[in-house]
Structures are given as C-alpha cells and as structure tokens.
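Produce the complete structure using the sequences and hints provided.
There are 2 protein chains.
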Amino acid sequence: MSQTSDNNGRPHAVATGEPVRLGVVGLGTEGGMYAQFISAGRVPGMRIGAICDILSDKQQQAQEYGVPFYTDYREMITSGTVDAVVTTVPHYIHPEVGIYALDHGVHVLVEKPVGVYTAQARELIEFAADHSELIFGVFFNQRTNPLYQDLRALLASGELGALRHTTWTITTWWRPQGYYEQSDWRATWGGEGGGVLVNQAPHQLDLWQWLCGIPESVFAKCQYGFRRAIAVEDEVNAMVDFGDGATGTFITATHDLVGTDRLEILCDRGKIVVEDSRRVTIARLNQDERAVSDAMPMEQVREMFKGEFDPASLVTTEVKEYDSVWGQQHCEVLRNFAAAVRGEEELLAPGGDGIHGVRLANAIHLSSWTGREVALSDFDETAYLKLLNERISAEGKFEVRPL
Amino acid sequence: MSQTSDNNGRPHAVATGEPVRLGVVGLGTEGGMYAQFISAGRVPGMRIGAICDILSDKQQQAQEYGVPFYTDYREMITSGTVDAVVTTVPHYIHPEVGIYALDHGVHVLVEKPVGVYTAQARELIEFAADHSELIFGVFFNQRTNPLYQDLRALLASGELGALRHTTWTITTWWRPQGYYEQSDWRATWGGEGGGVLVNQAPHQLDLWQWLCGIPESVFAKCQYGFRRAIAVEDEVNAMVDFGDGATGTFITATHDLVGTDRLEILCDRGKIVVEDSRRVTIARLNQDERAVSDAMPMEQVREMFKGEFDPASLVTTEVKEYDSVWGQQHCEVLRNFAAAVRGEEELLAPGGDGIHGVRLANAIHLSSWTGREVALSDFDETAYLKLLNERISAEGKFEVRPL
Chain A
1 MSQTSDNNGR PHAVATGEPV RLGVVGLGTE GGMYAQFISA GRVPGMRIGA ICDILSDKQQ
61 QAQEYGVPFY TDYREMITSG TVDAVVTTVP HYIHPEVGIY ALDHGVHVLV EKPVGVYTAQ
121 ARELIEFAAD HSELIFGVFF NQRTNPLYQD LRALLASGEL GALRHTTWTI TTWWRPQGYY
181 EQSDWRATWG GEGGGVLVNQ APHQLDLWQW LCGIPESVFA KCQYGFRRAI AVEDEVNAMV
241 DFGDGATGTF ITATHDLVGT DRLEILCDRG KIVVEDSRRV TIARLNQDER AVSDAMPMEQ
301 VREMFKGEFD PASLVTTEVK EYDSVWGQQH CEVLRNFAAA VRGEEELLAP GGDGIHGVRL
361 ANAIHLSSWT GREVALSDFD ETAYLKLLNE RISAEGKFEV RPL
Chain B
1 MSQTSDNNGR PHAVATGEPV RLGVVGLGTE GGMYAQFISA GRVPGMRIGA ICDILSDKQQ
61 QAQEYGVPFY TDYREMITSG TVDAVVTTVP HYIHPEVGIY ALDHGVHVLV EKPVGVYTAQ
121 ARELIEFAAD HSELIFGVFF NQRTNPLYQD LRALLASGEL GALRHTTWTI TTWWRPQGYY
181 EQSDWRATWG GEGGGVLVNQ APHQLDLWQW LCGIPESVFA KCQYGFRRAI AVEDEVNAMV
241 DFGDGATGTF ITATHDLVGT DRLEILCDRG KIVVEDSRRV TIARLNQDER AVSDAMPMEQ
301 VREMFKGEFD PASLVTTEVK EYDSVWGQQH CEVLRNFAAA VRGEEELLAP GGDGIHGVRL
361 ANAIHLSSWT GREVALSDFD ETAYLKLLNE RISAEGKFEV RPL
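These protein sequence lines are chains A and B, in that order. Take 1 as the starting number for the first sequence in our numbering and just add one per residue. Take 1 as the starting number for the second sequence in our numbering and just add one per residue.
These are computed hints drawn from the structure, not numbers from a lab. All the given hints hold, so there is nothing to weed out.
Any copy will do: because identical chains look the same in the list, a pair fits if it lies in one copy or spans two.
Straight-line alpha carbon distances no greater than 35 Å define the calculated DSBU-like cross-link-like pairs of lysine-lysine that follow:
# : residue 1 : residue 2
1 : K320      : K306
2 : K306      : K58
3 : K397      : K386
4 : K397      : K58
5 : K397      : K306
Keep in mind it's a predicted model, so treat the numbers as computed, not measured.
Written out as structure tokens, the structure reads:
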C-alpha cells in the first residue's frame with residue numbers, strides 16, 4: 001500500500017510543547033476512560049482531537065469533551081482533527097484501523113492485543129515498519145509499573161545470572177457471566193477470537209516475555225466454557241520451554257473469586273517472587289548456586305537434614321512494596337506515546353513487541369486443540385487460522401477470517 | 001509363590017499390649033534414624049527386634065541397640081526375632097525384600113517409593129493382596145501431618161465441591177552435589193531409577209493424589225543433570241488432567257536454594273492455599289462460585305473495575321497454622337503400623353496406595369522422554385521399562401531390569 005496521507009504524504013508533525021491531538025476510536029469502557037483521563041488533565045502533552053464510535057447515540061457523551069464526533073474512523077483519520085489515534089475497538093479490528101491511520105500519516109497507539117492471530121498482527125507490524133516515520137505503540141500499560149520496570153532492569157543487568165525456571169499464576173482476572181453478556185462479540189471465536197488469553201492475560205503474556213525472554217515452544221491445556229457459559233477459554237495452563245533447560249508455567253483463569261497473582265523467577269544467582277503485582281522479594285546469592293552446591297561439606301548437609309542448618313540462610317533477601325494508583329498506568333502510556341510523537345522519548349512499548357503475546361496466545365490455543373507441543377520459533381500460523389476458522393464457522397455468528 | 005512362613009505358614013501374631021518387634025533392613029540415614037526413635041521410646045507399641053545391613057561394619061553401631069545383627073535380610077526374616085520389617089534400602093530392592101518378608105509371615109512397612117517402576121511395585125502389591133492376613137504399609141510419613149489429614153477430611157466431605165484446578169510447587173528439596181556423591185547408587189538410573197521424582201518428591205506425589213484424586217494423564221518436562229552433575233532429573237514440570245476439566249501442575253526441583261512450597265486447590269465452593277506445609281488459608285463460599293457469577297449485576301461488575309468492589313469480599317477466610325516437630329511424623333507412621341499389626345487400627349498408608357506415586361513418576365519420565373502426553377489410566381509400563389533400561393545400559397554400572 002502506498003501512503004496517501006491527507007497532508008501530502010507527510011506524517012502529522014507535532015512540535016515540541018504542542019499537545020498531540022488524539023482521536024479515540026471507540027467510546028466504550030476503555031475509550032471512555034482514556035477520554036476522561038485526558039480531559040481531566042492527567043495526560044501532559046495530549047488533548048482529545050476527536051471521538052469516533054459506530055453507535056451514533058454516543059455523540060451526546062462525546063459532546064461533553066467539546067470535540068468533533070464521527071461514526072466512521074476513516075472520516076476522523078482524514079479530517080485533519082487528529083495527529084494520532086488509539087484503537088479501543090474489538091480486537092480483530094485493531095490491525096485494520098492501525099493500517100488505515102498509518103497509511104494516512106496518523107500515529108497509532110493500538111490496544112492490546114495487536115491482533116487476534118499472528119497473520120493479521122504481522123500485517124500491521126510490517127506495514128508500520130514501512131512507515132517508521134510514524135509512531136506505532138501498543139497499550140501495554142503494565143509495562144509502566146515501576147515494579148516491572150525495576151525487575152526488567154535487574155534481569156537485563158545479568159546480576160542474577162541465567163534463567164532456570166519461572167511460573168506465573170495470574171487468576172485475579174475474575175469475570176462474572178454478566179460481564180461476558182455485555183456485547184455480542186465478547187467471548188466468541190468470531191467476535192473476540194478467544195477468552196482470557198486475548199482479553200485479560202495479554203498484559204502478563206507481554207510482561208512475562210519482556211522479563212524472561214521468548215519461549216521456543218509451549219504445551220497447553222485450555223478449558224473452554226468450563227465454568228462460564230462462553231465458547232472460549234475461561235482457564236489456561238501452559239508449560240513453556242525457553243531453551244537451555246529453562247522452562248516455565250503460566251496459569252490464568254477468570255473463574256477464581258479469590259484470585260492468585262504470583263510470579264516466580266529462579267535464576268542461577270537469585271530468585272524473584274512477586275506477589276499481587278505489588279510485593280517483590282529478591283533473594284540474592286553472591287555466587288552461582290552451583291558453586292555453593294559444589295562447595296558444601298557433607299557435615300553441613302547432615303545438619304540441614306536435622307533442621308539445624310537452613311540453606312536459605314546463604315542468601316540476602318530484599319523485600320520491596322510498590323503502590324499503584326488506579327489509572328496511573330494508562331495515563332503514563334498516553335503521556336509516553338505523546339512524547340514519542342513529538343520525538344522527545346522512546347516508546348516504552350513499541351507496537352512490534354505486540355507480536356510475542358499474540359503468538360504465545362495462538363500457540364497455547366493450538367496446543368490445546370491438537371494435544372501436542374507447539375513450536376513458537378517457526379509457528380504454523382496457517383494451521384492456527386484454519387482451526388480458528390473452524391470454530392468461527394461452528395459458531396455461525398461471524399465471518400471467517402481470510403487465510 | 002506359596003507362603004512358607006517360619007511359623008508354619010501363619011503370620012506373626014502380636015497380642016494386644018505386646019510390642020511389635022521390628023527388623024530394620026538397612027542401617028543408613030533413614031534406618032539409623034528409625035532405630036534411634038524406637039530405642040528412645042518415641043514409638044509406643046514397638047521395639048527393635050533385629051538389625052540388618054550388608055555392610056558388616058555396621059555391626060558395632062547395631063550393637064548399641066542390643067539386638068541381633070544380620071548381613072542378609074533373609075536370615076533376619078526367618079530368624080524368629082522379628083514380627084515385621086521396614087525396608088530402608090535402595091528403592092529398587094523394596095519389592096524383593098517386601099515379598100520375601102510377606103512370604104515368610106512377616107509384616108512389611110516399605111519405604112517410599114514402593115518400587116521404582118510400576119511393574120515391580122505391582123508385583124509386590126499383588127503379592128501382598130494374596131497375603132491379606134499380613135499388614136503391608138508404605139512409609140508416607142507426611143500423611144500423618146495433621147495439616148494434610150484435615151485437608152483430606154475437608155475435601156472428602158464435599159463441602160468445597162468439585163475440583164477445578166490445583167498446583168503444587170515444591171522446590172524445598174534442595175540437595176547439594178555432595179549429597180548425590182554419598183553412595184554409588186544415588187542419582188543413577190540403574191541404582192536409584194530417577195532423581196527428585198523417586199527420592200524426594202514421592203511424599204508430595206502421594207499427598208497430592210491423596211487429596212485431589214488420581215490424574216488421567218500427564219505432560220511433563222524434566223531437566224536431567226540440569227544444575228547438578230547427575231544422570232537423573234533435578235527438576236520437574238508436570239501438567240496433569242484429572243478429567244471433567246480439572247487440571248493441575250506439579251513443579252519440583254533440588255537446585256532452588258530458596259525453595260518454594262505452595263499448594264493451591266481451587267474447587268467450586270472454595271479455595272485452599274497451603275504455604276510451607278505449615279500455613280493453611282481456606283476461603284469458603286456459601287454457594288457455588290458459578291451461582292455468584294450468574295447472579296452478579298453489571299453495576300457491581302463496573303464497581304469492581306473501578307476498584308470499588310473486591311469479589312474476594314464474598315468469601316469467608318480461615319487461616320490455620322500447624323506446628324511440626326522433627327521426627328514426629330516418622331514415629332507416628334511406626335506407631336500406627338505397630339497398632340495395625342496388633343489389629344487395633346487401620347493403616348494410614350496401605351502399601352497398595354504406593355502405586356499411584358510410582359505410576360505418576362514413571363509417566364512424568366515417559367512424557368519427558370517422548371515429548372508426548374501420557375495416559376495414566378492404561379499406563380504403558382513396558383514402554384517405560386524399555387526406555388528406563390536404555391538409560392541403565394548407557395550408564396554401564398548396573399544391570400538392566402527384567403522386562
């Protein structure tokens with residue numbers, strides 16, 4: 001596709017000090033929340049440029065913000081009222097809106113997931129790569145959490161050595177039946193493309209890989225409509241292989257009223273435990289655990305068996321608590337995105353990073369459908385899309401996706 | 001085999017009030033510990049009858065207990081000095097000692113695991129079934145822990161409803177390299193038949209199934225000699241399927257200096273979390289979680305999203321702490337076994353229960369070797385033994401096991 005920007009093919013340039021005019025595509029729960037944050041002045045360097053929703057009765061709500069309202073995102077994008085858009089629309093539509101905006105010189109902040117399946121996510125990502133003069137971000141608000149930023153820096157520093165094992169149990173995504181019945185597209189194969197994997201857990205699928213690396217393969221069991229009357233998965237168990245003997249387990253569900261949020265990362269020279277995305281315990285060794293193991297005399301081993309010596313006494317433990325303010329993360333993503341549009345900052349979550357979460361989610365589905373371990377390094381996206389389309393067809397409510 | 005008991009085919013009958021004379025087969029770490037407990041009077045209704053070890057230099061140590069010493073367990077069993085034996089010998093030999101004792105009218109308490117592979121475990125269990133006049137127990141000392149007894153009673157009562165999901169991360173089995181180098185048979189395929197699965201984790205493999213039921217299948221990844229110079233596994237990741245949508249994950253390792261011990265059991269009407277085999281949190285709902293989900297108005301869902309309503313507030317939470325005294329569990333197993341021999345109590349851990357842990361451990365190995373999910377309900381024990389024998393052959397230190 002050639003670029004046919006409304007401003008003669010040049011991207012919307014926003015000068016230093018000037019606010020970025022954001023077009024909100026979709027004035028639903030998320031879009032409405034972002035509009036409120038921005039109009040309340042919680043996002044420095046950004047203002048609302050226009051609002052778009054296919055439901056014309058949203059116009060009244062949009063008028064509160066004193067900006068133009070559109071029912072067609074194409075019109076809004078070419079209207080000259082916005083420098084950038086955020087896509088708070090059903091997941092399947094993210095790539096099409098993103099590509100249209102980029103093709104018309106408008107910067108894009110795509111809601112997670114970047115796409116429902118890797119083929120469409122790649123299409124957007126590759127299109128954006130050909131329009132590198134435009135900013136293309138993905139809304140991974142949890143990357144702005146100082147807790148995960150600190151962990152990412154710690155792990156990237158190499159201080160804790162190579163990864164051995166990691167588990168994340170994240171079942172705090174409790175959703176009652178009524179939640180699923182809000183819209184026809186929710187929790188369907190054709191409208192949403194999955195359940196907890198594509199709606200709630202993309203945050204953790206991103207953070208996990210951001211912290212621990214990209215797995216080589218996955219084996220998974222998903223429970224479809226297990227404790228909710230939905231077609232898609234309300235529970236996921238996945239076991240991944242990172243290579244070099246490092247492995248991990250990812251567990252998520254929307255039916256655990258007393259959800260667990262516990263992340264463990266075991267490395268050669270230390271261990272991280274994160275509870276409730278809030279409390280971090282870092283145990284550090286001053287040498288490789290294997291050196292400790294090799295040097296320990298049998299006398300000390302015998303003391304250990306009698307409970308007279310605790311090997312955990314060989315580590316130094318640090319505990320940190322992190323506070324979080326509701327909405328702060330979303331405002332920070334919007335602020336960082338606006339700063340990136342003005343050329344002042346790097347994006348915290350470049351859109352291209354979005355492929356990892358989509359691929360892992362797709363591979364988890366595929367493994368659960370086939371009963372086999374699935375490779376991520378050369379993921380068979382055609383096999384996935386065929387089986388996804390079978391489910392969309394069986395549902396009989398939405399069109400299948402082009403292969 | 002026919003019974004050729006030394007007392008004319010009749011089992012050793014021990015009268016009420018009389019202590020059971022226990023023969024200790026193997027005066028190593030475990031056997032020595034049991035002998036000390038018994039001689040210190042910590043096991044009511046039991047005394048040491050004789051001691052046996054193939055190492056004749058253990059005779060001096062045995063003399064401290066003032067009982068006959070043998071280097072051949074057969075001689076001890078037929079000597080008339082013991083009513084029962086405990087088999088603290090390398091795992092492969094448990095079945096042969098057990099069968100010999102039962103065949104000579106002597107009661108048997110087999111150390112865990114009952115056998116290394118299901119074929120030999122079954123042989124012992126079936127032999128014992130044909131000698132039901134004799135007591136045949138397995139040394140699952142952790143079943144005596146009041147914490148697990150209470151949980152077993154709670155789950156068996158049905159109060160919490162059907163199982164949805166369970167995970168046990170039990171990496172508190174830290175063992176340094178020197179531990180593995182204590183004996184030639186340790187951590188070898190031919191001498192021990194596995195690593196953490198056959199030596200340390202059998203306790204949890206038993207408890208987990210005792211509490212949650214027997215899985216139908218398992219997929220697993222084991223790391224062999226990952227962070228220890230051993231042939232067998234020092235780390236295990238297993239995902240099991242209990243049927244009816246209930247699944248679970250079991251993770252264990254011997255290389256985590258800051259081990260985790262965390263068991264979660266999620267059911268339809270509640271959730272159990274056990275930390276460090278000591279602290280139990282039980283969250284109870286007064287109805288099925290699904291009924292809560294179905295009844296919740298959207299208004300409350302919206303409040304939840306704003307952090308104004310916490311669904312966990314719908315449960316009643318009870319926290320219990322359990323103390324444990326070192327050795328108490330072992331003394332309790334011995335006491336219960338002696339009482340069973342006198343016909344006064346039921347066995348807490350009948351030997352036949354030992355098959356479940358052996359089969360799950362074998363299936364975990366087999367899955368990790370083949371990269372495939374393995375059925376437990378019709379476990380292919382020949383396929384397992386063939387692949388085990390390949391590893392024993394490659395080691396070149398021990399004889400392969402008869403197919």
